[in-house]
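Asker: So you can see what is in the structure, the chains are spelled out below.
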Amino acid sequence: MSNGIDWGLHDPLPGDNPILWAEPDHEHDVMSTRMLGFWLYMLSDSLIFAALFTAYEVLSFPMSFAGGPTPRDVASPLYGYAETIVLFSSVFAYGMVMVNLKAERARPAMLWLSLSLVIGLAFIGMEVHELQGIAAAGGAPQRSGFLSIFWAVVVVHGIHLAVGLLWMVVMFFQIARDGFTLLVTYRLANLKVYWLYQGLIWTFVYTFVYLRGSI
Amino acid sequence: MSVDNTRPSEHPEIAFSNSRSYLIGYVVTVALLGISLLLVQSHAMSAFNLMASISVIAFLTTIAKLYFLFHLNFSEAQRWNTLTLMLNVPLLILSIGLTAWMFQTLYDRVMMH
Numbered sequence: 300m301s302n303g304i305d306w307g308l309h310d311p312l313p314g315d316n317p318i319l320w321a322e323p324d325h326e327h328d329v330m331s332t333r334m335l336g337f338w339l340y341m342l343s344d345s346l347i348f349a350a351l352f353t354a355y356e357v358l359s360f361p362m363s364f365a366g367g368p369t370p371r372d373v374a375s376p377l378y379g380y381a382e383t384i385v386l387f388s389s390v391f392a393y394g395m396v397m398v399n400l401k402a403e404r405a406r407p408a409m410l411w412l413s414l415s416l417v418i419g420l421a422f423i424g425m426e427v428h429e430l431q432g433i434a435a436a437g438g439a440p441q442r443s444g445f446l447s448i449f450w451a452v453v454v455v456h457g458i459h460l461a462v463g464l465l466w467m468v469v470m471f472f473q474i475a476r477d478g479f480t481l482l483v484t485y486r487l488a489n490l491k492v493y494w495l496y497q498g499l500i501w502t503f504v505y506t507f508v509y510l511r512g513s514i
Numbered sequence: 009m010s011v012d013n014t015r016p017s018e019h020p021e022i023a024f025s026n027s028r029s030y031l032i033g034y035v036v037t038v039a040l041l042g043i044s045l046l047l048v049q050s051h052a053m054s055a056f057n058l059m060a061s062i063s064v065i066a067f068l069t070t071i072a073k074l075y076f077l078f079h080l081n082f083s084e085a086q087r088w089n090t091l092t093l094m095l096n097v098p099l100l101i102l103s104i105g106l107t108a109w110m111f112q113t114l115y116d117r118v119m120m121h
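Protein sequences appear in the order of chains A and B. Note that the first sequence covers residues 300 to 514 in this note's numbering. Note that the second sequence covers residues 9 to 121 in this note's numbering.
Hints are computed from structural coordinates only; laboratory data are not their basis. Using N, Cα and C, we set each Cβ at its ideal position, and we do this for glycine too. Do not take every clue at face value.
Partner residues are not named here, just some residues of chain B that face chain A (Cβ under 10 Å, in silico) [what the hints assert, rightly or not]:
1) E18
2) I22
3) G33
4) V38
5) V48
6) H51
7) S63
8) L74
9) L77
10) I104
Restraint ranges, calculated between C-beta atoms of paired labels, are given here [what the hints assert, rightly or not]:
11) A/L420 <-> B/D116: 44 to 50 Å
12) B/T14 <-> A/L335: 19 to 25 Å
13) B/V35 <-> A/T332: 31 to 37 Å
14) B/L93 <-> A/D315: 37 to 43 Å
15) B/L46 <-> A/V462: 31 to 37 Å
Excised from the complex, chain A in its bound form (with noise of 0.2 Å):
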């Protein structure tokens, strides 16, 4: 390939003695099956938070305020900030565990993974205690259309966080039982992908919601 871009389109060119089929039994990539499955469903789920994204867009005209608080009285961009970094810690702190499973050091691996998952917890934490402050605020969901969908796209977004989590429980007891196994390592490989993907959509939630509001 001229542009070292190999996209699979094209058969080897024939040679002299062409070979059509490969003699050796091979078995099937049972990794690679299964974590592009996972990522087409990830996919997915982003439509879920296209959607949720589209009726904010739609739901944060002035008069879905209903006279009561806007974008800028529920989201803080400065506590939304903290939220960040403590988001983003979390998912390094997976990476590390993607790094000692390439090394097969399961005992750092499970250190990283707690370490993860005690900061993603400390992420809904601040998530609860932020809504607790904004429900005692008169900001209730029921209170106008926008905060309704305020309240859908931060607590979808946290419900799919404490899923992670509980995953990340599950991976944890699953290393310390089976170790580094093949169904062991592609679960722990997409849950990688889904703890960073959850990274990139509060890159959107903060973006469009807690910096927009308080322009």
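Assemble chain B onto chain A, guided by the hints.
Answerer: Using the frame of chain A, we list chain B on its own:
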């Protein structure tokens, strides 16, 4: 493709993990969103320009995450992940963009604000 299922840690989708790229990705994305925060807090420019700036920074943050954390590229192990993501982007743009456009013009025509 031949593969050795007894050595999962040597699989290409594990092998690209390295602490350097995770650290770079962490620092770069936190720094980029920090720039957004500073721009918004200081009201450095007009509302429209601020909105455009933080959108561009969110896009750059996304690219940094996809490159340093997800390790997406056109290698044999990753090219289908990259391609499906690229095909997913028009779906996101159309589903958000067309609805936003539709309601924007609707609100203008019925003068609800």
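Asker: If a hint holds in the structure, say so; if it doesn't, say that too.
Answerer: Hints and how they fare:
{"no.": "1", "hint": "E18", "result": "holds, 8 Å"}
{"no.": "2", "hint": "I22", "result": "holds, 5 Å"}
{"no.": "3", "hint": "G33", "result": "holds, 8 Å"}
{"no.": "4", "hint": "V38", "result": "holds, 6 Å"}
{"no.": "5", "hint": "V48", "result": "holds, 5 Å"}
{"no.": "6", "hint": "H51", "result": "holds, 8 Å"}
{"no.": "7", "hint": "S63", "result": "holds, 7 Å"}
{"no.": "8", "hint": "L74", "result": "holds, 8 Å"}
{"no.": "9", "hint": "L77", "result": "holds, 5 Å"}
{"no.": "10", "hint": "I104", "result": "holds, 5 Å"}
{"no.": "11", "hint": "A/L420 <-> B/D116: 44 to 50 Å", "result": "holds, 45 Å"}
{"no.": "12", "hint": "B/T14 <-> A/L335: 19 to 25 Å", "result": "holds, 21 Å"}
{"no.": "13", "hint": "B/V35 <-> A/T332: 31 to 37 Å", "result": "holds, 34 Å"}
{"no.": "14", "hint": "B/L93 <-> A/D315: 37 to 43 Å", "result": "holds, 41 Å"}
{"no.": "15", "hint": "B/L46 <-> A/V462: 31 to 37 Å", "result": "holds, 33 Å"}
Figure legend: structure checked against the earlier numbered hints; every hint is met.
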